[in-house]
Amino acid sequence: MNLRALALDFGDTLAVRGPNPDGRTVLDVLRRMPDTDVPDTFVAAYDHVHRITREGDRVRDTHTPFADEIRHASALCGARVPDPEAVAELVFERIPDSRVIRRAADALLRIRERRDLVCVLACDTQRPESVRRRTLAEAGIEACFDAIVLSCAIGLRKPHPRFYAEVERACGVPREQIMYVGNSPAKDATAPHMYGMQAVLIAPTGRPAGLADAIGVIDRFADLPDYLDRTVPCPLGPAWFSPGSPPPARR
84 MNLRALALDF
94 GDTLAVRGPN
104 PDGRTVLDVL
114 RRMPDTDVPD
124 TFVAAYDHVH
134 RITREGDRVR
144 DTHTPFADEI
154 RHASALCGAR
164 VPDPEAVAEL
174 VFERIPDSRV
184 IRRAADALLR
194 IRERRDLVCV
204 LACDTQRPES
214 VRRRTLAEAG
224 IEACFDAIVL
234 SCAIGLRKPH
244 PRFYAEVERA
254 CGVPREQIMY
264 VGNSPAKDAT
274 APHMYGMQAV
284 LIAPTGRPAG
294 LADAIGVIDR
304 FADLPDYLDR
314 TVPCPLGPAW
324 FSPGSPPPAR
334 R
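Residue 334 is where the sequence shown ends in our numbering, and the numbering goes up by one at each step.
Hints were generated in silico from the structure; no laboratory data involved. For each residue, glycine too, the CB sits at the ideal point set by N, CA and C. Keep in mind that the hints are not guaranteed to be accurate.
Stated by the list, open to error - Label-pair ranges, simulated between beta-carbon atoms:
| # | residue 1 | residue 2 | range |
| --- | --- | --- | --- |
| 1 | Arg-186 | Arg-163 | 24 to 32 Å |
| 2 | Pro-287 | Asn-103 | 32 to 40 Å |
| 3 | Ala-127 | Arg-290 | 19 to 27 Å |
| 4 | Arg-163 | Pro-291 | 46 to 54 Å |
| 5 | Arg-87 | Asp-296 | 16 to 24 Å |
| 6 | Pro-122 | Glu-172 | 33 to 41 Å |
| 7 | Asp-120 | Met-84 | 18 to 26 Å |
| 8 | Gly-238 | Arg-290 | 19 to 27 Å |
| 9 | Pro-148 | Ala-269 | 21 to 29 Å |
| 10 | Arg-186 | Arg-313 | 35 to 43 Å |
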C-alpha cells in the first residue's frame with residue numbers, strides 16, 4: 084500500500100460535534116451589528132429558511148453559503164442586514180465549536196511524528212475556516228494540517244465527487260495514495276473509495292453490512308496509528324512517542 088496523504092473528517096472523527104446556530108442566536112448577533120433593523124419574526128424566518136435550504140443541499144450535495152440564508156430570511160421577514168457576509172464569523176464566535184477528543188489529537192500527533200504524510204482536514208461544516216483553525220490551535224493540532232477543505236468554502240458537500248477532487252488537489256498527490264478517514268459509511272468510506280482513494284471507517288459497532296472489503300475499519304481515531312503500523316510499513320520503524328510533542332517540520 085503506497086500512502087502519501089491523509090484526509091481526515093472532523094465531527095465524530097477527531098471531535099465531538101458542537102451545536103449549530105438557531106434563529107434566536109443569529110437574531111442576537113444581527114442586533115449587535117451596525118445599521119441593522121431586524122424584527123422578532125426573523126427567528127422563525129431563519130429557522131424555516133435554514134431547514135429547507137439544508138434539505139435541498141442534502142439532495143444536491145451542495146452547501147449554500149450562510150450569508151445566503153441570512154439574505155433569504157431577511158427578505159422573508161423584512162429585515163435590513165447591510166452586510167450578511169460578516170454575520171457567519173460573529174455567529175460562530177458565539178456558539179461552541181466541536182470539541183477535539185484528546186486521544187484523537189494525541190494519535191494524530193503520533194502519526195505526524197513518525198510518518199512523512201501530507202495531512203488535510205476535509206469535512207462538511209458551516210463554520211468558517213478561521214473558527215475551525217482556532218479550534219485546532221486550541222487543541223494543539225493546527226500545525227498537523229497542510230490544508231483545510233470545508234464544504235462551506237467550496238459550496239459542495241460529501242459525497243459529491245468534486246468534494247473529493249478538491250481534497251485530492253489539496254493533498255497534491257494521486258488519489259490512490261490518499262487515505263480518507265471518517266465515521267460516515269457513505270461519505271467517508273464508500274464515496275472516497277469509489278473515487279479511487281483508500282478509506283478507513285471509524286465504526287465503534289463493527290463493520291457495516293455491505294461495506295467493501297478493501298475499506299479498513301477501526302473503533303475510533305485513536306486506533307489509527309496502530310492500524311497504519313499493521314497495514315502500511317513505517318519507514319521510521321517503531322518509535323518512542325510523547326503525547327503533546329509537536330509534529331515534525333515539513334520537508
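Hints, one by one, checked against the model:
1. Between Arg-186 and Arg-163 the beta carbon distance is about 47 Å. The supplied range of 24 to 32 Å is therefore violated.
2. Distance hint check: the CB atoms of Pro-287 and Asn-103 are about 23 Å apart, inconsistent with the given range 32 to 40 Å.
3. Our hint of 19 to 27 Å for Ala-127 and Arg-290 is violated, since their Cβ atoms are close to 43 Å apart.
4. Our hint of 46 to 54 Å for Arg-163 and Pro-291 holds, since their Cβ atoms are close to 49 Å apart.
5. The beta-carbon spacing between Arg-87 and Asp-296, approximately 23 Å, falls within the hinted interval of 16 to 24 Å.
6. Restraint check, Pro-122 to Glu-172: a C-beta distance of roughly 23 Å breaks the suggested window 33 to 41 Å.
7. For the pair Asp-120 and Met-84, the beta carbons lie near 59 Å from each other, so the given range of 18 to 26 Å is not met.
8. The beta-carbon spacing between Gly-238 and Arg-290, approximately 33 Å, falls outside the hinted interval of 19 to 27 Å.
9. Judged by the Cβ atoms, the range 21 to 29 Å given for Pro-148 and Ala-269 holds: they are separated by roughly 24 Å.
10. Take Arg-186 and Arg-313: their Cβ atoms lie about 19 Å apart, and the range 35 to 43 Å is violated.
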